[in-house]
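S.K.: Residues per chain, in single letters:
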Amino acid sequence: MAEDGYWTALARRGVRRRGFLTGGAAALTAAMAAAAGCSSGNNSSKPAATAGSNARVAGTVAPAPPTAQALATADPALANAKRGGTFNIDQPDEPISLDNHRQETPGSIQAANLVYNHLLKRAEDFVAAPGIIYVSDELASGWEQVDKLTYRFSLVKNAKWHNTAPVNGRPFTADDVKYSIDRMRGSDPELRTRSAWAPVDKVEAPDPNTVVVTTKQPYAAFIAIAGHTWSIIMPHELADTPDVNRKAIGTGPFLFKDWQSGVALHFDRNPEYFRSGQPFLDHVVMRVVPDLGARTANFRAGETEIWGGSPPTIPFSTIDEIKNSLPDVNEIKRTGSNNSGTKAFFNTTAPPFNDKRVRQAFLYGADYDSMIKIFGGLAQRAGPMPLASVWGLKESDFPKTDVAKAKALLEAAGFTADKPLRVKTTISRQYSGPAVSQILQQVMKPVGVTIDIDQIEDTAWITQVYRGGQNYQMTSFGDWSWEDPDRGLYAYFHSDGNANNTHYTSTQADALLEQQRGEFDLDARKKIVRDLQLLLVDDAPNVWLVSTGTDELARKRFRNYKQMQMGNSNSYREWENCWFDPLPNS
Amino acid sequence: MATAERAARDDRLVFAPDTPATSIVSWPLAVARFCRRKPLGAFGGAITLVLIVMAIVHPWIATHDPNALNPNEVLHGISGRHYFGTDNYGRDVYSRVVYGAWASLEVSIISVAIGTAIGTAIGVVSGYFGGAVDMVLQRVVDAALAFPGLILAIALVGLVGPSVKNVSIAIGLVTFPSLSRIVRGPVLSIKEQPYLEAARSTGANSLRIMVRHILPNITAIIIVVVTARFGTAILVESSLSFLGLGPPPPTATWGSMLSGDAIYIMQTAWWLAFFPGAAITLVVLGFNLFGDALRDVLDPRLRGRA
Amino acid sequence: MSTYILRRLLASIPVLVLVTFGAFALIRVIPGDLAALKLGNDATPQEIHDYRVKLGLTDPLPVQYIKWIGHALTGDFGQSQWEYRPVANVVRDKFPVTLELALLAVVISTVFAIPLGILSAVRQDSLLDQSLRFTAILFLAIPSFWLAILLITLPQIWFGWKPPLTGYATPWHDPGMNFRRMIWPALVLGVGSAAFVLRLMRSSLLEILRQDFIRTAWSKGLRERTVVLRHGVKVGLIPIVTVLGLQFSVLLGGAVIAEQVFALPGMGRSLLGAVSRRDYPLVQAYVLIFSLVYLLMNLLVDLLYGYLDPRITYS
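Chains as they are written, first to last, in the working numbering: chain A, 1 to 586; chain B, 1001 to 1306; chain C, 2001 to 2315.
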């Protein structure tokens, strides 16, 4: 269904994260998520945006029959799971804060998501529908959309908070959900969750196991929001105190034990996790290792279980070399089809990119095939919504590379062989992916465009370019869309969008964006989103380039690790479903 | 006993002491004598010369466009086509090393020029005028020395963006203080010379005295220090690149080549890490050897200081 | 003597002010609004402005500086903006790591360089001397991060060993682990310093040995060892001591590379991140520490000077 926009969220909030092309391993380690194969005794997991797959008439309460995707069969492999073991993961980015409502860097999310649960979480059915993300249950054991504005969640009955002061193991109730949702839409300016949860009108907890949420207007993205990575459910005893940044007390599979600043975070198994029998791992250690060479050395030495990155930053031959030198690893490849990938974006209010023809010259001129080749066999064409998602366009919807047409467009815009187009791309080392700029430089040469690369400091880039600055012409950015087109497109392309860094305004786009927002019927919404995307591709405030894939190695002993096809979509990895095979002689 | 004799022998200089370098009459003869007496230094000088020449003619001796990405030739080894192999983007390592020579030269020249100019100016003014001027300037130099160079580098890069030029300026600013200290010492003793007193009493203005009388006498020291600084500048630039503060990717500097993510592929693609690292080491070695020999020859009294 | 120390300490104050104010101003001048970074896209301009007021960023620069000094004098260095805890705690965690690293590096440097330097001088122009000199000059030319990367990569390929790259314990908590973690980065750092000190020791000693008072010692018929060690080295150590003091500060700053590659939770790495994220209070505290260390080192070195060279007295 939907691609997650967690990376986008990060970048939008301007928090530090690795450009996924250069910080391949970072993107990768952030990218891992095991499948949500297990059900918690309840089979009615529903896909996210199909909330309206059977168009709901106000008042009908009957839940939609589960589709093939929705039937989350319990992963039979879990029956063989063994208890025990310590899972080490090397992380280049240390968490900033364990409060995901306020900080959502990769490190912060990964650490917090070991300890906290969500109402709903993103899942992927690797068997029936690989690559499609839907939302499955977590603290909500079931949900239904009562009418266009109202949702009712039934909560699991046996969840308990971790037995740490000041929460001390008390039972989890609907009041906790109400508290968390109210917190997320509250007035603290440090929150990253406000605009997503703002359409909520009120939250009620009529009984300890039921939560009813009402939105102000029809908000088709609501369920996706409820399942988003940072929508963690927190206890008020902790969340109201400053300790919430460096301490985590949740209902999740692992207990937060210790945070040794700059070194590692330690987590212990939660013996009273509401999914009984899980987790299987005894300990998780998240170690902070900034240098890729060091992470590689650690993996080779057998200290960590997972390693990899995005070619060509980490070339295939390296991965092969390491794979061949170690007897006990599997290789997991993930193609790039499922994230929105890299894009060039233009400042549409200043020359030369205020002229649509110049932007389109890039759209038609860029040699996508050559770009894909440079990124190795795992890369694919990118679009406003991920191509493999339910919302994605098809490759055939995109114009083919046509250098002649690009040149003609440039000429019409006034750039000829005597007065060629020369632009400056203002990039950041961390966020723009240096390779992208160089590739663009190279592929636009035949079109007659010269691109000068101006790399500025990362934080300066965020402030001056990414956050809607005016003093730039173009830049490039490695981005992920959200799982839902509302989050993925509205903020960026609506004239009032708070992340509209291209300063793009189009009444047509605005109308479509507003329309899709309240459309629950999946097919109808798909059509609107499709029209919107075609418009965006043609207007080209961004030119979507390619999305890279990742190539990972994982120890064979570390079982049930699945890398979600949507890649970065869940940076909380579902370690609760993984276990270690016992060593041969133990 | 033998030690003292050997030490005395070393005192024989190519040039007479206290003779400003500018008064040497026969350069070719001096160079020949230098090569004979200080073979290591000559070797260093030769390497340095090779670098400079390579840097200047880099567009002509490179075999490929250093920034041309070529997916068909990723991580190829040494071959007739690619003398130093290719990197993980298919770029020719040899050409990048050659272009990197130019970048390194640029960085060293600019940073050393800035550092020398500022350092000499402050050192001479401070030493010559003495008193309050000296005290204030020395406090400023103290502050500059106490200021962590890393912060200055990051701040500068943050302010004006990373580029070869800006990195060079940053390095120059970080290195000027110590030169001013080194220069100040001799200035203090030179200014007491009687002939300068005479010059002052006839009304020659300070600037003239500083330039015409003091500067030539400290040229030797400056030359020696500066030669070593070239090597340091290259090392500092490569460290900054490693930390991500160096000139951005299209520019191929040796430091940024070593900081690429792929350099740890030692087993199969050793050439990625070897050639740039060897280039840096060789060039810095050359500068150091040459600088050492120069110092021995121009003024061995500087052994403890430069 | 004590008046001298007092005078030096007083003279340090203007330098400290210069440096800390310089850093204060510099980091606020580079583009990148801390408040906007912390608040994210959903914040309104009014909220961002209010946040800046809350952080005290709207006051004029000198006012902010005075306030900071005022608090610093009471021991309050503010909150780290990105670690969500008091700056003092962050510094308390990270500074000892870098300090230990620099100290270890200096010790390694001294332990190798001084005896080898003496040997090199005494056996001047022998094969030993030539090879030592060449090795030293070679190590001076190798970039330290390259050495670090070679150290963590090559031995693993050749014989399956690598230095430990994760975890950390303080020396009093787990001395064994601490040593195992710190020795390799200290070696990498110390090797460059050792090369420098070796050459200096050699040339300094050579110079001393030429002097008249050494000739006097020879003529008295003393053994070579006595002459060299007792008379020569003691004086020859003077420039070394100066250099080591300076080296310590340099190493303190240069430790960041070792900390990056070896994943040590030190001040260098923390400073890099702090500047990059505009964590003003943390950066200011670090700058203060760096300059304090530098100034104290200088004082220590000058005092040591006085002890080593009988001709020098302080009034």
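Keep in mind that a hint or two might mislead.
Unchecked claim - Distance condition first, Cα-Cα at most 30 Å in a straight line; then the derived DSSO-like pairs of lysine-lysine:
1. 178/A - 257/A
2. 216/A - 247/A
3. 257/A - 202/A
4. 157/A - 202/A
5. 419/A - 1191/B
6. 216/A - 405/A
7. 247/A - 2054/C
8. 202/A - 216/A
9. 1038/B - 445/A
10. 148/A - 178/A
11. 424/A - 1191/B
12. 400/A - 445/A
If you're looking for bench data, these hints aren't it; they were derived computationally from the structure. The structure presented is a predicted model; accordingly, all values stated were derived computationally and were not measured.
S.K.: State for each hint whether it applies.
M.R.: Going down the list of hints, with the structure as the test:
1. For a cut-off of 30 Å, the pair hint linking residue 178/A to residue 257/A stands: about 27 Å separates their Cα positions.
2. Proposed proximity of residue 216/A and residue 247/A is contradicted: the alpha carbons are some 34 Å apart, above 30 Å.
3. Distance restraint check for residue 257/A and residue 202/A: the Cα-Cα separation of roughly 35 Å exceeds the 30 Å cut-off, and the hinted pair is therefore not satisfied.
4. Straight-line distance between C-alpha atoms of residue 157/A and residue 202/A comes to about 23 Å, which keeps the hinted pair within the 30 Å bound.
5. A distance of roughly 61 Å separates the Cα atoms of residue 419/A and residue 1191/B; the hinted pair therefore is violated under the 30 Å criterion.
6. A C-alpha spacing of about 47 Å is found between residue 216/A and residue 405/A, which places the hinted pair above 30 Å, so the restraint is violated.
7. Our distance criterion of 30 Å between C-alpha atoms is met by residue 247/A and residue 2054/C, whose separation comes to about 24 Å.
8. In summary, the hint linking residue 202/A to residue 216/A is supported, as the alpha carbons are separated by about 8 Å, within the 30 Å threshold.
9. Using a Cα cut-off of 30 Å, the hinted pair residue 1038/B and residue 445/A is violated, with the two alpha carbons roughly 52 Å apart.
10. A C-alpha spacing of about 20 Å is found between residue 148/A and residue 178/A, which places the hinted pair at or below 30 Å, so the restraint holds.
11. A threshold of 30 Å between alpha carbons decides the hint, and for residue 424/A with residue 1191/B the separation of about 53 Å lies outside it, so the pair is violated.
12. At roughly 17 Å between alpha-carbon atoms, residue 400/A and residue 445/A fall within 30 Å of each other, so this suggested pair holds.
Hints 2, 3, 5, 6, 9 and 11, counting from the list given before, are not met by this structure.
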